[in-house]
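> Sequence:
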Amino acid sequence: MKLTYIALIAAALVAGGCNKYLDVKPKGKLIPSEVADFDHLLDNTNIVQWSFLDNNTGCSLAYLTDNTELSEGLGKVSYLANNHPNIDRYYAYIFRQPYKNPAVSDYYWDWGTYRSAAYFNNVIDGVNSVRTPANDLYARQVIAQALVGRAWNYLNTTLVYGPVYRPGGDNSAKTIPYVTSSDTGEPVPGLSTQEEVFKRLLQDLHAALADIPVTTNYPSRPNKTATQAILAHYHLFTRNYDSVAYYANLAWTAGGGASKVLYDYNLFSWKEPANIVNSAINATDANFSLPVNKEMAFYRNADPGTGRSSSSYPSTELLDLFDKTNDLRYQYFFLSAPGYKTTYNNVTYDDGDRIQYYRGAKGLLTSGLTFPEILLLRAEGYARTNRLNEALADLNTLRRYRYKTGTPQLAEGAYTQDQVIGLVLDERRRELPIGHIKRFLDLKRLALDAGKPWAKTSITHKLGETTYQADINSNAFILPIANPVLRYNPGWGVPLDTRPY
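Under numbering that gives the first Met the number 0, the first residue of the sequence shown carries the number 0, and numbering increases by one thereafter.
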């Protein structure tokens, strides 16, 4: 029987989830029997903890991008000479393939996408099995949340393990299995093409939208606003920018206004002004570092350490995007601190003081969606459809909450369409986490804008005096499926990865 790791662990996941949330059954048997039993599975932490994170909560995908850089000491000693447990980050930075050991389990695939999918599929199938006219509304709401969570996972996964979607182009590349059954006895489906995955994603999201509750008990569980935001994000890749603007507008409007869903950084202060590297921030409420903060629309764990000397630094290019005087994100999250220093083989590597990224230490990061990102999604939709004044208004709204009071606003009528798109994309890059998956996916989709100033065809990294380069539209930006999964699924026709590691 052909089983992937996902299928192999699915039964254990159900048992583990039930053990946490359901009453103990006779003789240790854990048998969900009501909609509420399955509903509780959607609160399991395994759903949110490992989305494209390694065993040390980092993300090597960030090291493929233009947001990060390694010093010679970090690369040659901390990662390579010390045989760092997450050396795939270093291999990604120098574009040395395979980045991960193809012979062992892949955290992104096993712990992230398909372990979560096992929960979602068990919820969907389980709720359907106990559904009655009396509980139908509740059942449909729970199924809708599971559909959205699964769709979000599969959207990211197909774009990581496959090429970017090309609207109107060739999307026949096979990427991932679109697993929808919780029955471990069923054969695992074949790999879907990128076209098939995108079609099914849209069907699942629209099916969920009809039943998704307006509010949920925690931001890890998608509500209607999050679903609309995910649809806007989805259409960034279909390049249906009118749909991006439409769904982002619905999601943003549901927030109730900027003051309700944005923190005003002008009202922040340091708790320990004399020691800002170690200081917490006095925000305007106690939730700033929690998933329930008011900017959160859809929560998933993110890489909190990229950009600090234990792993990497923010790239010079990224730092140069900031108004270092007026942008309060720079002043609160980009702080000077001692960099990496060591002596190895009688050679001393000393990075001195370096600007490092402390947002993961000072405030909450998410690989999901925030209201600032939703506003920028709407701005990009407006800019791409030539609604320039509306795009600039959205940018100015965010800037009022992120820049020092008195910073001049962006003037209407002063920019071409390409300039406004560029302004939106620069603001997006400043606002989103520098690590994790966001910039990686943006680089892939923006590469389709050939000839535009924001579109890159390749990424160049330096390590000491050595330069490394890789094309974005290449296998360097596509992860392969690990051999343990391929061995269980020879019918997929994908040869094992025999490259030396």
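Please keep in mind that the hints were generated in silico from the structure rather than gathered at the bench. As the structure is a computational prediction, the values presented were derived from the model and not from experiment. Errors might be hidden in some of the hints.
To be verified - With a straight-line Cα cutoff of 25 angstroms, these simulated PhoX-like cross-link-like pairs (lysine-lysine) come out:
| id | residue 1 | residue 2 |
| --- | --- | --- |
| 1 | K223 | K198 |
| 2 | K323 | K270 |
| 3 | K270 | K293 |
| 4 | K259 | K270 |
| 5 | K223 | K293 |
| 6 | K403 | K323 |
| 7 | K259 | K293 |
| 8 | K403 | K293 |
| 9 | K461 | K259 |
| 10 | K223 | K259 |
| 11 | K198 | K173 |
| 12 | K340 | K461 |
| 13 | K403 | K270 |
Claimed, not checked - Label-pair distances were calculated between CB atoms; the ranges are:
| id | residue 1 | residue 2 | range |
| --- | --- | --- | --- |
| 14 | A102 | K403 | 30 to 36 angstroms |
| 15 | N134 | L266 | 44 to 50 angstroms |
| 16 | N54 | G463 | 56 to 62 angstroms |
| 17 | N472 | N281 | 44 to 50 angstroms |
| 18 | N472 | A35 | 43 to 49 angstroms |
Even glycine gets a Cβ: it sits at the ideal position worked out from N, Cα and C.
> All the hints need checking, so say for each whether the structure fits it.
Do the hints match the structure? See the list:
1. K223 with K198: holds, 20 angstroms
2. K323 with K270: Distance of about 21 angstroms is within 25 angstroms: holds.
3. K270 with K293: holds, 21 angstroms
4. K259 with K270: Judged against 25 angstroms, a Cα distance of about 24 angstroms means the pair holds.
5. K223 with K293: holds, 16 angstroms
6. K403 with K323: Holds. K403 to K323 sits at ~11 angstroms (cutoff 25 angstroms).
7. K259 with K293: Measuring from Cα to Cα gives roughly 7 angstroms; hence the hint holds.
8. K403 with K293: Satisfied, since the Cα-Cα distance of roughly 21 angstroms is no more than 25 angstroms.
9. K461 with K259: Cα-Cα ~43 angstroms, so violated.
10. K223 with K259: Status holds; Cα separation ~17 angstroms.
11. K198 with K173: holds, 14 angstroms
12. K340 with K461: holds, 18 angstroms
13. K403 with K270: holds, 19 angstroms
14. A102 with K403: 30 to 36 angstroms: Because 52 angstroms falls outside the window, the suggested range is violated.
15. N134 with L266: 44 to 50 angstroms: Taking Cβ atoms as reference, N134 and L266 lie about 45 angstroms apart, which means the hint holds.
16. N54 with G463: 56 to 62 angstroms: With Cβ atoms ~28 angstroms apart, the hint is violated.
17. N472 with N281: 44 to 50 angstroms: holds, 45 angstroms
18. N472 with A35: 43 to 49 angstroms: holds, 47 angstroms
When held up to the earlier numbered hints, the structure conflicts with 9, 14, 16 and fits the remainder.
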